[in-house]
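Trainee: Please put together the full structure from these sequences, using the hints given.
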Amino acid sequence: GGYQAVVSTQSRKMKKLGKKVQHEVLKQRQQDKKQVMDTVKKLRKGMTDQEDIDNFEINEEEEKQRPLSIKEMNRKRKAKESKYGFGGKKKYAKTNTAESYKDVSSFSSRIHSKPKKSAKNEKRMAGKPQRPGKNRRAQIKSNKGKKK
1 GGYQAVVSTQ
11 SRKMKKLGKK
21 VQHEVLKQRQ
31 QDKKQVMDTV
41 KKLRKGMTDQ
51 EDIDNFEINE
61 EEEKQRPLSI
71 KEMNRKRKAK
81 ESKYGFGGKK
91 KYAKTNTAES
101 YKDVSSFSSR
111 IHSKPKKSAK
121 NEKRMAGKPQ
131 RPGKNRRAQI
141 KSNKGKKK
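Take the sequence shown: its position 109, counted from the start at 1, is 109 in my numbering, and no numbers get skipped.
Accuracy of the hints is not assured; some may be wrong.
When the alpha-carbon atoms are kept at most 20 angstroms apart in a straight line, the in silico SDA-like pairs for lysine to any residue are as follows [claimed, not checked]:
(1) Lys-16 with Lys-27
(2) Lys-71 with Glu-81
(3) Lys-78 with Lys-89
(4) Lys-19 with Gln-31
(5) Lys-94 with Arg-77
(6) Lys-41 with Val-25
(7) Lys-16 with Gln-4
(8) Lys-102 with His-112
(9) Lys-144 with Gly-133
(10) Lys-42 with Asp-32
(11) Lys-20 with Gln-4
(12) Lys-89 with Lys-71
(13) Lys-141 with Pro-129
(14) Lys-134 with Gly-145
(15) Lys-15 with Val-25
(16) Lys-76 with Tyr-92
(17) Lys-20 with Gln-31
For the record, the hints were derived by calculation from the structure and aren't laboratory data.
Mentor: Right under this line is the structure:
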């Protein structure tokens, strides 16, 4: 019991510490972003000194995390299209065209002319007579009653 309590208090403390650190990191990021945006705004308006321009640095790490360029995006797009095919219209993709309707190369009379085998057909063919319908059963029942 005591060990469990110690472990749980330690984990709570670690969680609080982690939250505090995360909060500080987020705060720092917001400050950095605000500073960069202010500098950019000044640069656009031309209200900045040479010192501010010299101090305005973009980290190389941040630069490496930039989004893909248009050429790179096109390369990825081409690779995906060659792998999966171009998106195109999906709505009428499975409807027959005049060419596909006339094309009977895949049709085989050997396969398509036979009646399909299904569980129902198998049962019928097995020789067991089909159960008579409701009216027929009622008729048979009434006939049996008359014979007695």
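Trainee: Does each hint fit the structure? Answer for all of them.
Mentor: Results for each hint:
1. Lys-16 with Lys-27: Holds. Lys-16 to Lys-27 sits at ~16 angstroms (cutoff 20 angstroms).
2. Lys-71 with Glu-81: 15 angstroms, holds
3. Lys-78 with Lys-89: Holds, at about 18 angstroms.
4. Lys-19 with Gln-31: 18 angstroms, holds
5. Lys-94 with Arg-77: Violated, at roughly 25 angstroms.
6. Lys-41 with Val-25: Not OK: Lys-41 and Val-25 at ~24 angstroms, beyond 20 angstroms, violated.
7. Lys-16 with Gln-4: 18 angstroms, holds
8. Lys-102 with His-112: 17 angstroms, holds
9. Lys-144 with Gly-133: Distance of about 17 angstroms is within 20 angstroms: holds.
10. Lys-42 with Asp-32: Since the Cα atoms of Lys-42 and Asp-32 sit roughly 15 angstroms apart, the hinted pair holds (cutoff 20 angstroms).
11. Lys-20 with Gln-4: Violated. Lys-20 to Gln-4 sits at ~24 angstroms, over the 20 angstroms cutoff.
12. Lys-89 with Lys-71: The hint is violated at about 25 angstroms.
13. Lys-141 with Pro-129: 18 angstroms, holds
14. Lys-134 with Gly-145: With Cα atoms ~17 angstroms apart, Lys-134 and Gly-145 stay inside 20 angstroms; holds.
15. Lys-15 with Val-25: The hint holds at about 15 angstroms.
16. Lys-76 with Tyr-92: 27 angstroms, violated
17. Lys-20 with Gln-31: 17 angstroms, holds
Violation of the numbered hints given earlier is confined to hints 5, 6, 11, 12, 16; the remaining hints are satisfied by the structure.
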